[in-house]
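Chain B: place on chain A using the hints.
Protein chains: 2
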Amino acid sequence: MSFSASQRIALDVMGGDNAPLAVLQGALQAVAEDGPWKLPAGRVLLVGDQAVIHAFLDAHGARERFLVQHASEVIGMAESPATALRAKPDASINVCVKAVKSGAAGAIVSMGNTGAVVGASTLGLGTLAGVKRPGIAVTLKLTQHPITILDMGAHIAPKAQHLVQYGLMGAVYARDCLGIANPRVGLLNIGEEASKGTDLLKEAYPLLAASKFDFVGNVESSGLFKGVADVIVTDGFTGNVVLKLMEEFSGFILKLVLGELKAHSVQWGPEALGKIKKHIDYAEYGGALLLGVQGIVVKGHGRSDANAVSNALVQALRALDAGVNQHIVQGLAEAGATVES
Amino acid sequence: MSFSASQRIALDVMGGDNAPLAVLQGALQAVAEDGPWKLPAGRVLLVGDQAVIHAFLDAHGARERFLVQHASEVIGMAESPATALRAKPDASINVCVKAVKSGAAGAIVSMGNTGAVVGASTLGLGTLAGVKRPGIAVTLKLTQHPITILDMGAHIAPKAQHLVQYGLMGAVYARDCLGIANPRVGLLNIGEEASKGTDLLKEAYPLLAASKFDFVGNVESSGLFKGVADVIVTDGFTGNVVLKLMEEFSGFILKLVLGELKAHSVQWGPEALGKIKKHIDYAEYGGALLLGVQGIVVKGHGRSDANAVSNALVQALRALDAGVNQHIVQGLAEAGATVES
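Read top to bottom, the protein sequences are chains A and B. Heads up: the first sequence runs through residues 1 to 341, numbered per my numbering. Heads up: the second sequence runs through residues 1 to 341, numbered per my numbering.
One chain only, chain A, in its complex shape (with noise of 0.2 Å):
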């Protein structure tokens, strides 16, 4: 093996609504030789029931692909997250987390419960040095080149200095796993003017006009399809309501579209639908990032098929290659920041 075991990737096997099978699958996948990416075989460290990990690998032969660790406990995806991680100390997602605090991995990626899995890595792997707010990125592609959101809703009531760092974490981010040189960073607000919006974003636009990413300015929820900004940094209440609401609207549209073809007789093949909903699919990325704890955690879609997984399992690949955290302490140390929790 030429990597260190904390560049190995934690996978929760038994988190998500199609856990275990589709779960194993995309690992699977990830690694097979004729995929579109390949994984080197060690790289993923399987977490959960051993019994059924071993049987599933067996079964395709690939038995040493892959470390696998035993979990005993699983936490459900409508299970209070407080209450389960408490409850379940060897639930896969814990055991995710204690192999990276321990050396053994250096990612962890799950389609589990999503705040089960916040809640165990922000407390069980602790911030990066100077960041005081972890936030939830995710990457869509509604223009010719991905744009990054954040918060997403780690954080419903951040303070100014928060989306400072949001936007630096962002544009490390892109820069180093999209392959955007100098990504442009906006504040999403209801106006383009610097005195638009709420105190708090009155209170960070000054201080983000003053860091040493490339600060844009204001973006209306209208300008995310503009390709205006890279990297959209917002508290992670209205994170929230946009993210939900786009994975709502485009399922919405698309029926009506559907609705309509139908109507006319016109036949459409799921091929073009699939493409549609590439664009507003952050499972084409991966999944969602939780930037700015000590490790690299991806957070998939609960509904996540074979295929997400195996992007989820690339994106943490290329993170951790690619040196994102070291990049944003890095980033935070020269901004010099420093922020009240």
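Hints listed in this document are in silico derivations from the structure and should not be mistaken for laboratory results. Beta carbons: idealized from backbone N, C-alpha and C, even for Gly. Treat the hints with caution; some may be incorrect.
To be verified - Residues from chain A shown here face chain B by an in silico Cβ test under 7 Å; the list is partial:
1) Ser221
2) Val241
3) Ile253
Unchecked claim - From the derived model, a few chain A residues whose C-beta atoms are all more than 10 Å from chain B:
4) Ser6
5) Gln161
6) Lys212
7) Arg318
Only chain B this time, still in chain A's reference frame:
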């Protein structure tokens, strides 16, 4: 005439991207004998450049169907509202407000500068008894039934009691004008539990639950498409983000759809596209309604065509005739709502 002067609608002929022509055409359409709606002659007071208005009416032989009030000035779509309202006392929107204030009309319809319409109306007309903060309501057809969302941007940092008033005003409007006998009111939030969201929302939840209208609890943004509420209450910042996002997102997806159809050589008539757009275009229900001021104020899209202007006139007529404002005052008095500004 079987109606009083206060039942007249002052139409801002000079406001909007397509003014004055589309506005005048819309007025003509609204009073047309063979139109889908017919406003009685004399109910619309055309406010604007008298020479232009008379020339149009004469060309259509329609002089006797309208009242006309000259206004010598116009506030452009891009002008700063506060400055323009002061600098142009005889601007068409100011003259509309004066008409309502003097009792020459009871409603205003304008496609003009949003800030100018809201500012002139709020300051010029004053709020209804008991109302501390007017809210902007828009109605969309996201399910089989209309859904009314407020506030869409009148007040970006409301207090909990303001949100409760929005709930009552929205419910009265939905009942009086949209034919919903017992409107269900929901609070836009990032989770359904009462404990979710910002401090503002946590404070508003029990107040809404204690109100006389049918409060159905928190509704996530994805819930807008699920028919779980008829009225959605939110702060003006979030509401504005949601509205602009939906407007732009629908166009974005439809563009992708058209691109795919073209790539597959599928011919698709504009009428099918139009049908889909109707679901996400609040012009179907007229315009945005400024609820809580002493008078009915409908603000249509700047880009409104004649059809949208006609819809907005019908919407104002219904709200006037249904006594929406009287019912809001009555409802607030019954609720014994005491609101701090």
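Next item on the list: Answer holds if the nearest beta-carbon of chain B is closer than 7 Å to that of Ile253(A); otherwise answer violated.
Entry: 5 Å, holds
Next item on the list: Using Cβ atoms only, decide whether Val241(A) comes closer than 7 Å to chain B, and label the hint accordingly.
Entry: 5 Å, holds
Notebook entry, point to check: Does the CB of Ser221(A) sit less than 7 Å away from some CB of chain B?
Noted result: 4 Å, holds
Notebook entry, point to check: Does the no-contact call for Arg318(A) survive, Cβ to all of chain B over 10 Å?
Noted result: Holds, because the least Cβ-Cβ distance between Arg318(A) and chain B comes to about 26 Å, which exceeds 10 Å.
Check: Far enough from chain B: is every CB of that chain over 10 Å from the CB of Ser6(A)?
Finding: 34 Å, holds
Notebook entry, point to check: Does the no-contact call for Lys212(A) survive, Cβ to all of chain B over 10 Å?
Noted result: 27 Å, holds
Item checked: Least C-beta distance from Gln161(A) to chain B larger than 10 Å -> It holds; Gln161(A) is separated from chain B by about 18 Å at its closest Cβ, greater than 10 Å.
Violated hints are absent here; each numbered hint is respected by the structure.
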